[in-house]
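We have chain X already, so just place chain E on it with the hints.
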Amino acid sequence: MRITSNQIFFRSLNGVLNLQEEVQKYQQQVATGKRIQQAADDPVGAAQSLDLGNRLGALKQFDRNANLASLRLSEQESAIEGTQNTLQRVRELILQTKNRSLSVADRRFVAAEVGERLNEVFNLANKRNSSNEYIFAGTAADAIPFTTNAAGTVLYTGNQNVRELEIAEGRTIGEGLSGADVFMAIRNGNGTFVTNLGAANTGTGRVINGQVTDITAFTTDSLRVVFTAANTYDLINDTTGATVQSGQTYTDGAALAFNGVTVAITGVPAVGDEFLIGPSQNQSVFATIAKAKQDMSVDLVSPELSAKFSFNLDRALGDIDLAMDSLNSIRAQIGARQNALESQTTTNADVSVQLEAVKSHLEDVDMVAAISHLARQSQALEAAQQAFVRVQGLSLFNFLR
Amino acid sequence: MPGAFDIGVSALLASQRQLSTTSHNIANINTEGYSRQKVSLVQRPPEFVGAGFLGKGVDVSAITRSADQFLNAQLRNSAAGEARAALFGQMTAQVDAVLSDGTFGPAIERYFSTLQDVNNDPSSAPAREVFLSAAKTLTNRFQDLDARFSVLNESVNQGIARRVTQINSFTSALASLNRDITQALGVGQGQPPNDLLDQRDHLLQEMSRVVSLSTLEQPDGAVSVFIGNGQLLVNGSTSVPLVAIANSLDSARTEVGLTSGGVTTAISDAITNGEFAGLLAFRDEILDPSRNAIGRLAATLSLTMNAQHRAGLDLKGALGGDLFAFGSTTVNGAPSNAGTVTLALDPAALGNLTDSDYRLVHNGTDFILTRLTDGSQQTLSGAGPFAVDGLTITVGSAPAAGDQYLLQPSRYLARGMTTQITDPLKLALANPVKSSADLTNIGSAQIRAPQILDATAAGLLTPAQLVFATPPTSFQINGAGPLIPYTSGANIDLNGWRIQITGTPNAGDTFRIDPNTNGRGDNRNGLALSNLRSTEILVGGTASYQDSYSQLVGRVGARGQQAQISRDALRVQLQNAEASRDAVSAVNLDEEAANLIRFQQAFQAAAQIIQVTNETFNALIQAVR
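In the order they appear, the protein sequences are chains X and E.
For the first sequence, position 258 (counting from the first letter as 1) is numbered 258 according to the working numbering, and the numbering increases by one without interruption.
For the second sequence, position 479 (counting from the first letter as 1) is numbered 1479 according to the working numbering, and the numbering increases by one without interruption.
Source of the hints: derived by calculation from the structure; they are not laboratory data.
Do not rely on the hints blindly, as some may be mistaken.
What the hints assert, rightly or not - Straight-line alpha carbon distances no greater than 30 Å define the calculated DSS-like cross-link-like pairs of lysine-lysine that follow: (1) X/K127 <-> E/K1316; (2) E/K1426 <-> X/K60; (3) E/K1038 <-> E/K1056; (4) X/K127 <-> E/K1426; (5) E/K1316 <-> E/K1426; (6) X/K60 <-> E/K1056.
One chain only, chain E, in its complex shape:
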């Protein structure tokens, strides 16, 4: 009977293994990345007993996990895509919130409405104070927007640095798991170390959320991990750390770098998926263009307002100064550059300004300028200065082949925006000159209010006198010079101003253009300032200040909405991939419960074999006694 006894023992052992594996499955129901395991049984080789082959019981052949590497890879890809879209959407929502927090629109609206209030009452000191405080609020809003963009940029940089650290800890854990797995395969004579494999799959899964990766299984059981376009991060039991480095041209941008052969290069551009890609895309597509658009608006508003304000006369009788100051354009040159370039805004072509950054590279003969938002290139030949997109690029010292620059024309323009006028009396709302007809004039001719053509003309504030000659078909200016033929309504331009005289003058009739001293109630320059509100200056002369802001809000909103939609779609895709993986690998408690019963019954039956064998043996003993 030893045969039956051995068979019973083998069955008991097999059931025990099955029970403990089922327990292991139940125990790990909530362990992330766990793949359910199962015990494979095999009959022992039979014994030939003359009449035939006699079974000898059961053996445990292997304990395997239910895992499908294809499904795991699909899950990793889906996770990387979903993580990219989710982080991109989350960051974009922050810019959206900054832009649509409802403080900028009212600030610019209030700037213009208080300007009209001053225009209604130009000599009122309180109205002037209120306008200046509205102007200050507006500049504060610009600075505040810029500061919030700056914080977002900083959080992108920190996000990159944090994720670099995270990836490094993943890769070193993967490297040590690779070593453990290789060893375990050796020790187990080819039996898979299921739990270690699960851990490794789980680490890869976690890591792919941060950066999309590809794997290659080696014959010794280790996996090699690649990111980007083939950068090797884990090779067997060694890992290569990533580093967070500052962009070589713009230290305010953190990039992902990889050190190879002692040289660290930025590999940000090669990363296409995962949270890294989300952060980088957010920075390139949302944050920088938004910040540039705000900078462009700040500079355009400042320059156009300043130009008009300079064409006015303040309450002290002086021509106006600048109303606003703003930040400066940025040229980031490589340290190795031989030459220098400078960058300035062209006040005559403000409408051509874009919200893009530019790359300027010298190829030995010409500069090649690339607009980064759309990648369009143009060749700048000659010595310059070059006028491109509302910018003036001036070449300083001689360039050499390989010189490269990152031009950020509008990135920091909003940062330094301030109000330049604190004294309400210095608000230049009056026209600098006034016209009048002498009350002794006999003819019926009238003079119109003067327009300012050139506020910088030298003789702008020099009084001028137009006296009609006999016969009154011509007139003379300041009693000297040639007789100028008179046409009713024709433009008369002098000293930077323009007037028209209409009607029938009489000989000797006199018209005067004088500096508008004591024109304290004059608001004509104020009206010209106010007209700028609806003037379409930006975006090629198609958008007013407020239009350009709402365009920005609309654009960021649209990108945010798009990001939400694609995140939702990718989330569904991820859930499907999870479901497919779980269908193969995850634990079902009911199934385990059923198995528990099944294996318990098998165990009980095997125990019965032992008992029966024992009783049979006892019966034999009794018979012999």
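So that you can see chain X by itself, here it is in the shape it has in the complex:
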């Protein structure tokens, strides 16, 4: 084919320009470290790397959420641990006062300390976190959850909902438990049923050794043992109004079996004395402590008061043990959530590392390859420039003199 002057010129020039473009491309890759400058460079890779960026961003956020959830669970746990220590101290104080050698004045000093302990638990229950939220208020987090009414009863005014935080795609975890679950919803008695002395009892009889023998036979009916004569009692179901057993003979310390439970009555009940057996109910930690405080301050002027004293303090110990059990199981729940958080955080971190690797593989330049390309293209450019000058110097006119 016939070659023309402009063709020679533009061919050489285009060669130089194309090489300049290539050099520029690799130079930019090396400078930015990014393989994809715009989506057209690698459309699939660009879309994928956007997706990966989104997922990595979400994982980062999940990590933040998990840290916060863990922090808040720890805050609750430490408040609960404080409550348990306080309850332990109250338990010791009750045991101390059970010793009848203490005078009523001494017992009232101890009761004063129990009152202080009550305040301590009250303050722990109304604890706030760094965001100024009450940690045991459920989701009514900016109002004080525990208040004392005129009668001295502690009331829960928070709600029973729990805030959840998202720690993985579609997975949330409760960041704690509501104050109702922790401090209020604690069963009294032995967790199934509760015994009590009639308010008007005059004898020294008291109920001991309550046990559930057959949970399937147990009903939540309220029952009452009434002494109709010195050694005779009737068993009445107050819920149904039926007399379950009638004219039974009383033996001190012998087990009475009914309704799937056994209890024993000890001491000398007077005629008309009543012993009540009903289903366990919720009793707050505060009520348990306040009741113990009240019970231990009684002046033991009569044998029936002494009997009542020892019955009440035994019951208080039982309630405190149940509260401890309940708090332990709550701590176990919190611990389980912490574990779940930790394993989720580890999983998230693993996934992050993988995604980062894939993203980097998609987006990042292979420096070695890019730099060697750059070097090669620069050399080629130099060669093309020299060739350009050479070829342009070739002209017949140079020889026309």
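Using the frame of chain X, we list chain E on its own:
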């Protein structure tokens, strides 16, 4: 000796012509469209002198240019193809740059991450402020994307208008060249006016970059120029101007129009190559679908977020309002339409929304709906409203045959996207109702957190109380009405909410569902909002918000890449066509230099003839003296 003298003179003249043509070639080495010229020589008719025929010298028979009309036409086609691909690629790269500038992805990511921060701390005013500002940034990004698409649309319109002007100046120049050439052919008695022909070829070449054309040579030397499917632009010495007109249904679209018989019609669809075609294809295939996709995303995000936000309770104890507002659907009706239609998005079928525009035509009995991206048609019979592709088309006043509409459901949806909430307290992150078990309950039954089924239910915020009867195998609501049998874990639906009670209740146990007043730390509705991030809502329920955006980026990127590849291929084709044309027509300086020497030598030799003749004549004179 007059014979030799005349021959010498004829040779001198011929060489002069050749030298000046060579000079002309050298002078025009850089003139675009120039075809090298050459002088054709012919011997003069010989004279019979008895002993034979005696040569009488040389004549210049013609000065011709080296041009091949076939190669020129091929070059024009290649140029039109390359120009189309180059402009298409260049415009697509602009959309690519808009979409992958790395501001939208982070904005939507930040919207959701700040939402989670608020969920972590719902009563925190600063966290709420930060979320609202992230929401505002997101809406700004939508508006900004739309604004940049709008600018691109405007530049397409201007590009069309500018090229219409350009073509008009080409066609009028061609018309006057046609006249000059016809005249010159007459004056030159059939000798070609090479330089005028070159100019005309060059103009055609330039014009074919803008619009693909075909030519037809007339016997008088003029060429007729056609574009599209046979629209005549230049006929002899007259030209027909193109006009830039607004689309008859959508004034935001400039089309190429041609006036014929007083009627201007759009001929955009007939143009298949050249920069015009590149611009038009870019608008139809890249710009409008991208803008529609962004509009669709804006509306889907707004509607789904709003619906969920309305199902929450704000810090003032009221149900949430709209979080976002967005633009409206567009119906462009022809002025001659007898009836009216309206268009709305169907919030229950958002997944069916496409990124297409639609044409709706009434044929006298039914509406025919054409989806413009794939050309699929369907017949809408009856009075409507019609539910198609996530849209609800409602017929207003009665249609007549020939009524036509251009429906642009999602074109302008992103334009008006704004955040509707400025007061951080009005962010509705809490569940509207809460459940609780009375602390005096004896049984072990527990109540789960309520779910909201219908945030618009009238009694949603009315407190309800579930009390178990004796025996506790059933319960009663609010102390009245029938006893409802109890099954552990079964759904209990009332007033727009749903709860479950599990475990063993005791007679008289009470569960309450109350409005979630003072639930300031509640984030359940916030979590539901946050869940929307990964919910696959768009594109038939296969793509989340972010998925649909990355799909768009990927699609535009792929088209951009394809455009680059085809532009490169067409560029090679163009270079080959140029090389073929240049091989025939362009100037080679070395060749001209050689010719210069050759013709100079011929000239010198001819001058020698004159001298020899002169000396011979002088010798004769001397001999006679």
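Okay, which hints does this one fail, numbers in order?
Hint 6 is the one this structure does not satisfy, whereas the remaining hints hold.
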